[in-house]
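For the record, the sequence lines run as chains A and B.
Following the working numbering, the numbering of the first sequence begins with 507 at its first residue and continues without gaps.
Following the working numbering, the numbering of the second sequence begins with 15 at its first residue and continues without gaps.
Don't read these hints as lab results, they were simulated from the structure.
A few of these clues could be false.
Unchecked claim - One side only, chain A facing chain B, incomplete, derived with CB under 10 Å:
no. : residue
1   : VAL510
2   : HIS513
3   : SER515
4   : VAL517
5   : PHE540
6   : LYS547
7   : SER549
8   : GLN603
9   : GLY606
10  : GLN612
Unchecked claim - Label-pair restraints from in silico Cβ distances:
no. : chain 1 : residue 1 : chain 2 : residue 2 : range
11  : B       : ASN38     : A       : SER511    : 27 to 37 Å
12  : B       : ALA123    : A       : PHE545    : 43 to 53 Å
13  : B       : LYS73     : A       : THR537    : 29 to 39 Å
14  : A       : ILE518    : B       : GLY66     : 23 to 33 Å
15  : A       : ALA605    : B       : THR107    : 27 to 37 Å
16  : B       : PRO95     : A       : TRP516    : 22 to 32 Å
17  : A       : GLN535    : B       : GLY67     : 26 to 36 Å
18  : B       : LYS70     : A       : PHE545    : 25 to 35 Å
19  : A       : SER515    : B       : GLN94     : 20 to 30 Å
20  : A       : GLN548    : B       : GLN94     : 20 to 30 Å
To be verified - If the Cβ cut is set under 7 Å, some of the chain B residues that face chain A in the computed set are:
no. : residue
21  : GLU52
22  : PRO53
23  : GLY56
24  : LYS113
25  : PRO126
Given the structure is predicted, the values throughout are model-derived calculations rather than measurements.
Where is the CB? At the ideal position from N, CA and C, for every residue including glycine.
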Amino acid sequence: GAVVSQHPSWVICKSGTSVKIECRSLDFQATTMFWYRQFPKQSLMLMATSNEGSKATYEQGVEKDKFLINHASLTLSTLTVTSAHPEDSSFYICSAQGAGLTFFGQGTRLTVV
Amino acid sequence: TQLLEQSPQFLSIQEGENLTVYCNSSSVFSSLQWYRQEPGEGPVLLVTVVTGGEVKKLKRLTFQFGDARKDSSLHITAAQPGDTGLYLCAGATSGGYNKLIFGAGTRLAVHP
Chain A
507 GAVVSQHPSW VICKSGTSVK IECRSLDFQA TTMFWYRQFP KQSLMLMATS NEGSKATYEQ
567 GVEKDKFLIN HASLTLSTLT VTSAHPEDSS FYICSAQGAG LTFFGQGTRL TVV
Chain B
15 TQLLEQSPQF LSIQEGENLT VYCNSSSVFS SLQWYRQEPG EGPVLLVTVV TGGEVKKLKR
75 LTFQFGDARK DSSLHITAAQ PGDTGLYLCA GATSGGYNKL IFGAGTRLAV HP
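Construct the complete structure from the given sequences, taking the supplied hints into account.
As structure tokens, then:
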């Protein structure tokens with residue numbers, strides 16, 4: 507079946523640095539990709555919706571200059587957390603949508619120290 | 015803003031018991047999905063319900079979509095320790111992108 511691959515699975519970075527997370531749809535073309543953040547013992551909170559070749563649409567309260575999203579192709583979207591701070595530590599999950607179906611990546615655990 | 019209220023948030027039961035998880039909203043969704051998530055992993059889709067009043071069964075799991083497509087329930091019969099996990103409902107919004115709005119989740123623990 508369709509698979510969405512997220513990389514890296516986990517990352518530790520220093521405060522003030524930037525981190526890029528990749529989300530790839532491996533065997534289907536994803537016209538739309540979504541980025542979520544999940545804090546411990548909480549549900550998934552939608553951060554932004556990204557469509558190939560256009561600017562991402564951010565949910566209310568999500569800083570677009572801090573969470574840069576690029577969806578350059580139908581199989582790849584990236585989320586860059588810029589100038590990361592400890593409060594950005596979280597589990598980031600992407601999902602890819604194609605042909606009416608939505609599949610989730612395995613998530614990226616980001617720890618900012 | 016569309017919201018999904020999921021209850022209960024926590025459920026600790028003994029093996030063999032039955033349970034029901036509820037997902038309610040004041041909004042209408044084009045479809046509703048149920049996921050199960052293990053720690054450190056992404057959610058895995060269990061079922062999608064689309065039609066009001068629809069009932070779907072997946073072994074010991076029964077999913078129901080309300081007639082008005084505003085609420086849904088997940089019923090597990092004779093729960094087993096392997097059912098332990100986080101269960102999430104998610105409503106798909108109508109419109110171009112079909113984005114998912116997630117409920118708060120139900121953390122289920124089934125004890126042997």
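For each hint, the structure was consulted:
no. : hint                              : result
1   : VAL510                            : holds (8 Å)
2   : HIS513                            : violated (13 Å)
3   : SER515                            : holds (8 Å)
4   : VAL517                            : violated (13 Å)
5   : PHE540                            : holds (6 Å)
6   : LYS547                            : holds (7 Å)
7   : SER549                            : holds (4 Å)
8   : GLN603                            : holds (7 Å)
9   : GLY606                            : holds (8 Å)
10  : GLN612                            : holds (5 Å)
11  : B:ASN38 <-> A:SER511: 27 to 37 Å  : holds (34 Å)
12  : B:ALA123 <-> A:PHE545: 43 to 53 Å : violated (20 Å)
13  : B:LYS73 <-> A:THR537: 29 to 39 Å  : holds (33 Å)
14  : A:ILE518 <-> B:GLY66: 23 to 33 Å  : violated (47 Å)
15  : A:ALA605 <-> B:THR107: 27 to 37 Å : violated (18 Å)
16  : B:PRO95 <-> A:TRP516: 22 to 32 Å  : holds (27 Å)
17  : A:GLN535 <-> B:GLY67: 26 to 36 Å  : holds (34 Å)
18  : B:LYS70 <-> A:PHE545: 25 to 35 Å  : holds (31 Å)
19  : A:SER515 <-> B:GLN94: 20 to 30 Å  : holds (28 Å)
20  : A:GLN548 <-> B:GLN94: 20 to 30 Å  : holds (26 Å)
21  : GLU52                             : violated (10 Å)
22  : PRO53                             : violated (10 Å)
23  : GLY56                             : holds (4 Å)
24  : LYS113                            : holds (6 Å)
25  : PRO126                            : violated (23 Å)
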